Amino acid sequence: MKKKLVSMMLLLAMTLTACGNGGENTSADSKAGEVEETASVEEVSSETAPAKEVELNIMMSFPQYMDQWEDYCDQFEAKMLAEENVKVTINLEMPSADQYDSILQARLTGDDTPDLFTIQANNIQTYANAGYLTDLTNEESIAKVYDNVKETVTVDGKVMGVPIESTAWSVLYNKQMFEDAGITPPETLDELKAVCVALQEKGYTPFMLAFQEQWVPQLMTAVTLGGKTTGDIPDWLERMYKDEASYEEVREIFDVINLIMENGTKRAMEEGSEVGAADFANGAAAMFVQGTWSANTIMTTNPDMQLGVFALPVNNNPECTRINLATSTVLGVYANGLEKEVAIKFANYVLDDNDSSALFQACGFNPISSIHAFETASWVQDAYKYVEEGRSYQDLVLPSSVTDEQGRLLQELYVGSVDIDGIIERLDGAFKEANELSK
Amino acid sequence: MQSKRKQNFSLIMFALPALVVYAVFKLYPAVTGIFYSMTNWNGLSKEYDFIGLKNFREMLSDDYFWQSVIFTIKYVVVLLVIANVMALVLAVTVESVKKGKGFFRTIFCLPNMISMIIGGYMWRFIFYKVLYYMADNWGWKFLDQSWVGDTRYAFLSIIIVASWGCVGYLMIIYMAGLQGVPTHLLEAAELDGANGWKKFWNVTFPLIQPALTVCLFWTLNSSFQVFDVIYSLTGGGPGRATQSVAVNIYEEAFRGNIRYGYATAKSTVLFLIILIITAIQLKTTQSKEEEL
Chain A
1 MKKKLVSMML LLAMTLTACG NGGENTSADS KAGEVEETAS VEEVSSETAP
51 AKEVELNIMM SFPQYMDQWE DYCDQFEAKM LAEENVKVTI NLEMPSADQY
101 DSILQARLTG DDTPDLFTIQ ANNIQTYANA GYLTDLTNEE SIAKVYDNVK
151 ETVTVDGKVM GVPIESTAWS VLYNKQMFED AGITPPETLD ELKAVCVALQ
201 EKGYTPFMLA FQEQWVPQLM TAVTLGGKTT GDIPDWLERM YKDEASYEEV
251 REIFDVINLI MENGTKRAME EGSEVGAADF ANGAAAMFVQ GTWSANTIMT
301 TNPDMQLGVF ALPVNNNPEC TRINLATSTV LGVYANGLEK EVAIKFANYV
351 LDDNDSSALF QACGFNPISS IHAFETASWV QDAYKYVEEG RSYQDLVLPS
401 SVTDEQGRLL QELYVGSVDI DGIIERLDGA FKEANELSK
Chain B
1 MQSKRKQNFS LIMFALPALV VYAVFKLYPA VTGIFYSMTN WNGLSKEYDF
51 IGLKNFREML SDDYFWQSVI FTIKYVVVLL VIANVMALVL AVTVESVKKG
101 KGFFRTIFCL PNMISMIIGG YMWRFIFYKV LYYMADNWGW KFLDQSWVGD
151 TRYAFLSIII VASWGCVGYL MIIYMAGLQG VPTHLLEAAE LDGANGWKKF
201 WNVTFPLIQP ALTVCLFWTL NSSFQVFDVI YSLTGGGPGR ATQSVAVNIY
251 EEAFRGNIRY GYATAKSTVL FLIILIITAI QLKTTQSKEE EL
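Order-wise, the sequence lines are chains A and B.
If you count by UniProt numbering, then the first sequence holds residues 1 to 439, one letter each, in order.
If you count by UniProt numbering, then the second sequence holds residues 1 to 292, one letter each, in order.
Among these hints, one or two may not hold up.
[Unchecked claim] Cβ-to-Cβ under 8 Å is the rule here; a few derived chain A residues that face chain B:
1. S102
2. Q105
3. T109
4. A130
5. R267
6. M269
7. S400
8. R408
9. L409
10. Q411
11. V415
12. S417
13. N435
14. L437
[Stated by the list, open to error] With a cut-off of at most 20 Å between alpha-carbon atoms, the simulated EDC-like pairs for lysine to aspartate or glutamate come out as follows:
15. K439/A with E47/B
16. K340/A with E151/A
17. K432/A with D63/B
The set of hints was computed from the structure by calculation and includes no laboratory data.
The structure displayed is predicted, hence computed values, not measured ones.
We put the CB at the ideal spot given by N, CA and C, even for glycine.
Working from the sequences, and respecting the hints, build out all of it.
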């Protein structure tokens, strides 16, 4: 009996490993096939001189746009072969966004750094200081970037990466429901309260809450802090970095956060960001504090959705009601890469005069340069209207530990295990600790 | 003597591949980890300073870390009891059925074949969608709980998923133990008039002590390092309410302030805790085995 059991388990283990190996082999084979194919094509096209071979490793955090970027890499390979007789082979990797940072860090420390990699704009300073990024200030592509976007990727006067994803965002809302309730986007906190009442009278839940992933509740602090400080206390963040300010000064932001939580959907802790976006699209609530990056999910779920964007009011000072303008993802060139020259060419190609527009449009990225001449979606236009009116603010760059802590604390506030005083104390503490560590 | 040495040599040769893997992927990182735990390395920059025991001193006043230690101990105790009792009950039951033993054994062992991170995501769907569906549509209101938002229910769901994952594995070990119990002893006990429970408690249970030792050791060791279930199910939330030590270490190393050095110091402490507790456990259960 025992023997039978053991042999059964062994057999199972063997089949499992065999399957694993089999899978790998086939993928390797097909890759080898591809390479041969391209090689034979190249033989025909470049009879004069043998093409120089270059291998580029690129890692990006957009698994949802894998196809678009793969096509773009193919275009780059073709362009390099045709124009410069360089045969580029690009290995494109797209780890999922929530594990991206840890994978990148492991690669950096393991001396296996990709030639190009995307990073969060908030982390540019850290990566630049550690010496991983190439200065791109004088590259042709950077010259084409809008000035207010260029600012978001500048460290100590040097542009350290190509901005890719730039968004203007605050609150998404369902235009149909607003029309139904006879209301327009609010400009002040009192108006927002009135909006909540009007929506509830019509039987709509005002706010969509999806708090399972900490970054989603964190968005509430991001927009309220940005509006409040830009409108009322512009030097707050600067003083925070010098340990001279406190969250006590921005206590007001919790008025609107409480209002959102009181008027939100149930079971927020069990709702992930994607599910939340889908539920919002299906009419679970009228407003959702979420960036326009989730528009893709929303419009796929409900193509008839009339999606709009308005700036979240913080108090009754309309000066504080502003939209967040942020560059979230930046493409950096590894400073010590073997093929740095080609890597920089790829970075420039991302903002190519002829091809870039199509890529940005296909991925739903917002225009960041004058070369991007394409019609944007209506909700993007909503948001950029605020930007044109000068009612935007540059995304606040907080230490990432403080950003994380805000997300956690808002979860705790929602389940009732912490009060506003506790939040202020712990956020001040987290900020001090981050300041201490960055010295 | 000669043959004995030869035998030892061949034994070592058999164990060598495993030993090499163990040394390269476990022992070496563990030893270098002790060095890194005395640095302020942030995982990114190529330079870092040796700061001695400063990380360990800081840990003493790190409330979040100790909270996670307490949570982990609670988790270990509850899982240890629940998983082992359930595994033993299952093993005895499956062992005693006449037909379809192989079928039940396979069924109960299946969850163990799935990576716990995948199992966690599967269960997340059950907790967040299926249970609410049943609560809303079938009127099973007792299921309408905040499975992540309420710490008690979050803990319960973690325990459910974790025991679902490991009970099958423990059951196999117990079954192997049960099959080693000589039938003549059981028959003798029966002749002496022992009933089912007495037979189990006085004859079978003492004889499966070795299996118990292995199972307790395994649950202690693995549940102290629990990460995947919690990470996939609650992410340590709400806030830090369900953060185990391993999740706390992960967050310290890969998120927020990115402090590899400090995180390594924490894992060194976790290593010591596990070492001490499993050593005590092995000593006591082994001495019990010897009594027999």
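Checked hints:
no. : hint               : in the structure
1   : S102               : holds, 4 Å
2   : Q105               : holds, 5 Å
3   : T109               : holds, 6 Å
4   : A130               : holds, 4 Å
5   : R267               : holds, 7 Å
6   : M269               : holds, 3 Å
7   : S400               : holds, 6 Å
8   : R408               : holds, 4 Å
9   : L409               : holds, 7 Å
10  : Q411               : holds, 4 Å
11  : V415               : holds, 5 Å
12  : S417               : holds, 6 Å
13  : N435               : violated, 11 Å
14  : L437               : holds, 5 Å
15  : K439/A with E47/B  : holds, 14 Å
16  : K340/A with E151/A : violated, 24 Å
17  : K432/A with D63/B  : holds, 16 Å
Of the hints listed earlier, those the structure fails to meet are numbers 13 and 16, in rising order.
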